[in-house]
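Trainee: The lines below spell out each chain.
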Amino acid sequence: MKLKTILAWSSVLFLAPPAFPADDQVQQLKLQLRQMQEDFEKTRRQQQAQIESLSQKLDALTNPPSVVSVRAPARTAEQKKTAPELATAVVPAGGQTASPPPIPSARAGSAYLNLSYGTLLSAGWSSVPDPSAQLQLGDHDPIKRGFALRNAEITVDGAVDPYFKGFANIVLKLSKDNETAVELEESFLQSTSLPANLQLKAGQYFAAFGRQNPQHPHTWAFVDQPLILNRAFGPEGLRSIGAQLSWLAPTPFYTEFFLSVLDGQGGTAFSFRHPGEPDATGVNRVAGHATIDRTLRGAHDLLYVPRVAASFELTDTTTLLAGLSGAFGPNATGPNNRTELYGVDLFWKWKPPAAAQGFPYVTWQTEALYRRFSAAADLVRLTPLRAETLRDSGAYSQVVYGFKPRWNAGLRFDYVNGNAAGSNPGDPFRGERYRVSPELTFLPSEFSKIRLQYNYDHGDLFGTAHSIWMQLEFGLGAHAAHKY
Amino acid sequence: MKISLRHFLLPGLMLLALPARAKLTVVATTPDLGAIAHAIGGDRIDLTTLARPTEDPHFVDAKPSFIVKLNHADVLIEGGAELEAGWLTPLLEGARNPKLAAGKPGRISAAEGVALLEIPVALDRSQGDIHATGNPHFLTDPLNAKLVAAHLARSFAELDASSAGVFQARLKSFTAQLDERLVAWQKLLAPFQGRPLVTYHNYWIYFGRRFNFPMELFLEPKPGIPPTPAHLAEVITKMKADRLTLITVQPYQNRRTADAVATRTDAIVLDWPSFPGGKGTEGYVEWIDFLVRSIAHGFAAK
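These protein sequence lines are chains A and B, in that order.
Note that this note's numbering gives residue 96 to position 96 of the first sequence, counting from 1, and the numbers run on in steps of one.
Note that this note's numbering gives residue 143 to position 143 of the second sequence, counting from 1, and the numbers run on in steps of one.
If you are wondering where the hints come from, they were derived from the structure by calculation, not from laboratory data.
All C-beta atoms, glycine included, are put in the ideal place defined by N, C-alpha and C.
Possibly wrong hints are sitting among the right ones.
Claimed, not checked - In silico EDC-like pairs for lysine to aspartate or glutamate, Cα to Cα no more than 20 Å straight-line:
id: 1; chain 1: A; residue 1: 165; chain 2: B; residue 2: 93
id: 2; chain 1: B; residue 1: 69; chain 2: A; residue 2: 316
id: 3; chain 1: A; residue 1: 404; chain 2: B; residue 2: 129
id: 4; chain 1: A; residue 1: 349; chain 2: B; residue 2: 61
id: 5; chain 1: A; residue 1: 483; chain 2: B; residue 2: 61
id: 6; chain 1: B; residue 1: 99; chain 2: A; residue 2: 161
id: 7; chain 1: B; residue 1: 104; chain 2: A; residue 2: 161
id: 8; chain 1: A; residue 1: 483; chain 2: B; residue 2: 93
id: 9; chain 1: A; residue 1: 144; chain 2: A; residue 2: 473
id: 10; chain 1: B; residue 1: 222; chain 2: A; residue 2: 446
id: 11; chain 1: B; residue 1: 222; chain 2: B; residue 2: 118
id: 12; chain 1: B; residue 1: 63; chain 2: A; residue 2: 316
id: 13; chain 1: A; residue 1: 404; chain 2: B; residue 2: 220
id: 14; chain 1: A; residue 1: 404; chain 2: B; residue 2: 259
id: 15; chain 1: B; residue 1: 222; chain 2: B; residue 2: 234
id: 16; chain 1: A; residue 1: 144; chain 2: A; residue 2: 236
id: 17; chain 1: A; residue 1: 404; chain 2: B; residue 2: 61
id: 18; chain 1: A; residue 1: 449; chain 2: B; residue 2: 129
id: 19; chain 1: B; residue 1: 69; chain 2: A; residue 2: 313
id: 20; chain 1: A; residue 1: 449; chain 2: B; residue 2: 124
id: 21; chain 1: B; residue 1: 279; chain 2: A; residue 2: 316
To be verified - Okay, the calculated bits of chain B under chain A, using three or more residues with CB under 8 Å as the criterion:
id: 22; region: 53-62
id: 23; region: 89-99
id: 24; region: 222-233
id: 25; region: 250-257
Could you build all of it, start to finish, from the sequences and the hints given here?
Mentor: This is the structure we're talking about:
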C-alpha cells in the first residue's frame with residue numbers, strides 16, 4: 001500500500017517539474033523528492049529484508065534439516081559481506097536479494113541483560129616486603145610487590161519486569177599465590193514503581209554509608225581504599241544481605257533519606273557480627289578479643305544503616321553533595337556488645353560550561369568517620385582482657401584535577417587513630433597512621449585507564465614506608481552510566 | 001514582623017494561583033530538544049533543559065539536582081540512540097517518577113521514527129565511540145526536527161488535551177517556518193553545495209546530507225579519540241590535495257588544534273554551536289540559520 005503510494009507520488013513528481021517554473025517551488029519539490037526517494041529506498045530495503053526472512057523461514061520449513069544446517073553458515077557469511085552496503089543504503093536494484101541488517105547483540109539499555117566485564121591490574125613496588133600484612137589492607141588494594149590482580153568484575157543488570165530492576169556483580173581476584181577466589185559482591189533488585197517517592201532495594205549490596213563505600217573500585221580516584229574506610233568497614237567494604245528503603249524528599253533541592261536493615265554477619269560487616277581471624281590456637285578474635293557465635297535473637301541484633309544526603313548547586317559550575325550516615329549493630333565479642341559508626345561525607349565538583357569529554361574538572365571529596373566498638377571481657381586469653389571500648393576515628397580528603405581531556409592528577413591525605421586499648425598493640429587496623437598519596441591518571445578512552453600513585457605511609461607499627469603503584473584498567477561490554 | 005508576613009503571603013498567593021492552569025512540566029535532555037519543545041509547547045509547558053548548550057552531550061554530569069527535576073516532570077524528552085547512555089539511567093532511577101517509565105506517554109524518545117544514519121555493522125570499540133543504534137546527532141537535519149516536532153505535539157496533546165489545539169497550531173507554524181526557511185537556506189547555499197567540509201567530530205552528518213556538504217574528514221582520528229599529530233598531518237595533506245577550506249569546531253572542542261590545521265592549510269575555522277541556545281541562536285530555526293549563514297560566509301570568503 002505505502003510503497004504504491006510512494007511510487008505513484010514519485011512518478012508524479014518526476015513528471016511535474018515543467019508545470020512549476022517558480023524557483024522556490026522547484027527547490028522545495030527537489031527537496032521533497034529527495035526525501036521521498038530516501039523514504040522509498042528505506043521501505044524497499046525493509047520489504048526486501050522481510051521477503052528474505054520469510055523465504056528463509058520457508059526454506060527452513062520445506063527443506064530437510066540437514067540442508068538447512070549446511071546452508072545457514074553460508075548465509076551468515078553473505079550477510080557480513082552485504083552489511084556495509086546496507087549501511088550506506090545503496091543496494092543495486094535487481095541485484096542479489098539483500099539480507100536483513102545484523103542485529104547488535106549487546107545494545108545498552110535495550111537488552112534483557114546488560115553485561116560488562118572489567119579488570120583492575122596493579123604493578124608496583126613497596127619498601128615493605130609484604131605490603132598485604134600492614135600497608136595495603138584493602139581487599140582490592142595491590143597486595144604484593146610486582147604484579148597483582150585483585151579485581152575482575154562481571155556485572156549484569158537489566159529490567160526484571162515492570163516492577164524491578166536487577167543488578168549483580170561477581171568479583172574474581174587472584175590471591176598472593178595467584179589462586180582465583182570468587183565472591184558474589186552484590187546481587188540485588190530495586191523497585192521501579194513504588195508510590196510516594198519511595199524505593200526499595202533488597203539482596204546483597206554495599207550499604208549506603210558515605211560516598212566511597214557503595215562505589216566499585218574501578219570508579220575510585222586512587223588505587224587503594226582510604227584508611228578510615230578500611231578500618232571501619234573492613235577490607236571489603238560494608239556490605240551485607242538485607243533491604244533498604246529510600247525516600248526522595250519533596251524539597252526544592254536534592255534530599256534523600258536511606259534506611260538499610262542488614263544481616264550484618266561476617267567479614268563484610270567487619271565492625272559488627274564478624275567472627276574475626278583465628279589466632280595461633282585457632283580461636284577467632286576481633287581486635288584481640290575472642291568472638292562468640294552470635295546468632296540473631298531479635299530485630300535488635302540486625303544491623304541498621306541510616307543515611308541522609310543533600311545536594312546544592314552552589315554556582316552555575318559548582319555542585320556540592322553532602323551526607324550524614326550511621327551504622328548500628330551488635331558485634332561478636334560478647335552477647336550484648338554493640339558497635340556504632342558515624343560518618344560525614346562531602347563531595348564538591350567544579351566543571352566549566354564548555355567541557356570536552358567532561359574535562360577539565362576539579363573534585364574534592366572528604367569523609368570522616370568515628371567508630372565506637374564495645375568489646376566484651378576476654379578471660380580465656382593467656383593475659384585476660386577486661387571489657388573495654390575501642391574508639392577509632394579518621395578522615396581522608398582528596399582533590400582530583402582533570403586538567404585536560406583524558407588526564408587527571410590527584411592528591412589524597414589519610415589520617416586514622418584509635419584509643420589505647422589493652423587488646424592488641426600489634427593490630428594493623430588500629431593505632432595512629434597517616435598517608436599522603438599523589439596520583440596521575442591517563443584515560444585513553446572511557447573504557448581503559450592507566451594510573452600511577454605514590455604512597456608516603458607512616459604508622460605506629462611499621463614506621464615509614466614508600467610504595468609506588470601502577471594500575472591498569474579495562475572494561476568491556478555495556479556502557480556504564482556514571483552516578484554523581 | 002514585616003518579614004514573616006511577606007514569607008507567609010507569597011506562598012499563599014502562589015497556592016491560589018496554581019490551580020488556574022496545570023502546565024505540563026517538561027524536561028529535555030539537550031538544548032536542541034528543548035528548543036523544539038519550546039516551539040511546540042510555548043507557554044503551555046514549563047520547560048527545563050538538562051545539558052548546557054556548550055557542553056559535550058555525551059558527558060553530562062548526573063547531578064542530584066537533575067533527579068529533583070525529573071521527579072517533578074510530567075514529560076521527559078530524550079534524544080535516545082544512546083546519546084544520554086552515560087548519565088540518564090542513574091538519574092531516572094533516582095527520580096522514582098512512574099510517569100517517565102519506558103513506554104509511558106510521558107517518556108518521549110525523539111529518535112523514534114527518525115531514520116538514523118551510520119548504524120554500525122559490528123559493535124567494535126576499536127573504532128572509537130560507537131552508537132549501536134546509529135549516529136545520535138540527527139537534529140542537525142531540519143527535516144528530522146519536523147518529525148520530532150510532530151512527535152512532541154502528538155505526545156503533549158495526549159497528556160494535556162485542553163492545550164491540544166495550541167500545540168497543533170504551534171506545530172503548524174513551526175513546520176511552515178521551517179519549510180519556508182529550507183527553501184531560502186537551499187537557495188543561499190546553492191552556489192557552494194557539494195563542497196566538502198572538515199569537522200572536528202562526526203557530529204554534522206545529518207546536516208551535511210540535507211544540504212549536500214560532504215563531511216567525511218574529521219580532526220579526530222576516530223569518534224571520541226582526540227586528534228593525533230600523525231592523523232592531523234594526514235588531514236592537512238588531504239585538505240591541501242582537495243582544496244578544503246572550512247573547518248568546523250564546537251564550543252567544547254580544542255580550537256587551537258583546529259587553528260593549527262587551518263594555518264597550515266590556509267583554511268577558515270567556523271565556530272559552530274552544537275545546540276541552539278548560544279547568542280543569536282536561541283531557537284531551533286535561528287540555530288540552523290546561523291549554521292547555514294556561517295557556511296555561506298565561509299565559502300564566500302574562500
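Trainee: Hints numbered earlier in the text: which of these fail when held up against the supplied structure?
Mentor: Result: no hint breaks.
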